[in-house]
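One line per chain: the protein sequences are A and B, in this order.
Residue numbering for the first sequence is 1 to 118, as defined by the working numbering.
Residue numbering for the second sequence is 1 to 114, as defined by the working numbering.
Simulated from the structure, these hints should not be mistaken for lab results.
Be careful, since some hints might not be right.
Computed Cβ-Cβ distance ranges for the label pairs, DEER-style [said to hold, decoys possible]:
(1) Lys80/B - Lys70/A: 40 to 50 Å
(2) Val60/B - Pro9/A: 33 to 43 Å
(3) Ser57/B - Pro30/A: 37 to 47 Å
(4) Thr20/A - Ser67/B: 38 to 48 Å
(5) Ala98/B - Arg63/A: 23 to 33 Å
(6) Phe47/A - Ser77/B: 20 to 30 Å
(7) Leu11/B - Arg72/A: 35 to 45 Å
All residues carry an ideal CB built from backbone N, CA and C; glycine is no exception.
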Amino acid sequence: AQKITQTQPGMFVQEKEAVTLDCTYDTSDPSYGLFWYKQPSSGEMIFLIYQGSYDQQNATEGRYSLNFQKARKSANLVISASQLGDSAMYFCAMRGNAGGTSYGKLTFGQGTILTVHP
Amino acid sequence: SQTIHQWPATLVQPVGSPLSLECTVEGTSNPNLYWYRQAAGRGLQLLFYSVGIGQISSEVPQNLSASRPQDRQFILSSKKLLLSDSGFYLCAWSPGQASNQPQHFGDGTRLSIL
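With the rest of the complex left out, here is chain B (with noise of 0.2 Å):
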């Protein structure tokens, strides 16, 4: 079966300091990779999603970028971080962009900057 893992768990860094959350998947090839962030009791807000290695597709503007160096290897990373940085950040996957498919998540990242 197919299982996402997604690391750290929890992060506090320093208002410009460097980012790097890792996001892999097991159990499946060439899958849809998502990055979400959420802010304290709201919806989440995509970020970044990537249909295949190297390719990368931006929502938002923003401090962040992510990279896909490998099939089921997805990062998240910033050259320096922002107070407003901070938040709940989760993982996804699926098996392609078909409207039946779910999206499937990881535990997540909470990040606190100080």
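Bound-form chain A, shown alone (with noise of 0.2 Å):
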């Protein structure tokens, strides 16, 4: 079975300031995909970076990036310089491969309540 875990119930940053978001996981998948989404308070579900377990490379999306250390099963979000807008919630998700134990589906942590103050 898949599992995320975000330690982290709130997080407060000032304004222009970077920092850093949890992520914990477990899996049987040899292959799996890391994703992280950002929801604000209207409730949508945004996508914003993607890390695949076979990745050398950090994963890079503006001013999100993504710390993926593989033998620590850790895949924390860095948001760089952060803005007013960037206060939400935020989840870390995991999907293994349709042949693995997880039929493809997303599995998400708890998630982060981000407050970012000016």
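Each of the two chains sits in its own frame; use the hints to bring them together as a complex.
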């Protein structure tokens, strides 16, 4: 079974500073993908960044980067130069291959609420 | 480009009433489709997924059912709603089941049961 753990219920950061949101995972699938989603107060789930389990380099997308440490089974999200609009709930999620034990479903963590202060 | 539409945005229903939430995807064919439920302040729980017309898999036993009458249409239903069915319901799609494919979500439906 797959499991995602986000141990930070809430995080605070000053505008323009960087912040790291933690995510650890557990899976028996040899190949998997890790995702981060942003959920503003309006409710929609916005896909931010993806990291493949065999990727050698950490993924980056604009101000978002993923600090992937496979041996530690962690996939932390780093947001640089925080903006007020970054205030939202952030979810880490994992997806295995359809041929594995998870039939391609997405497993979510419990989320971290990020608040950016001016 | 692909888009996903979900409606209604909000719904208030009495206990024991029926439910029908609809989700449609545009700009792609044969998508994988998913229904999730999110309790307040919590993560998402997968309810149903579908890899093709008429093919529905249920993740958890519950009061709800799903149907896929057309390739890009996914419907979440109930014959009699319970108080515990309250929550935020999200529909999602992906082009396939590979681990490198993200799921893309609709705007969600906030369901309140009175």
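Do the hints match the structure? See the list:
no. : hint                          : result
1   : Lys80/B - Lys70/A: 40 to 50 Å : holds (47 Å)
2   : Val60/B - Pro9/A: 33 to 43 Å  : violated (24 Å)
3   : Ser57/B - Pro30/A: 37 to 47 Å : violated (23 Å)
4   : Thr20/A - Ser67/B: 38 to 48 Å : holds (42 Å)
5   : Ala98/B - Arg63/A: 23 to 33 Å : holds (27 Å)
6   : Phe47/A - Ser77/B: 20 to 30 Å : holds (27 Å)
7   : Leu11/B - Arg72/A: 35 to 45 Å : holds (43 Å)
Against the hints set out earlier in the document, violations occur for numbers 2 and 3.
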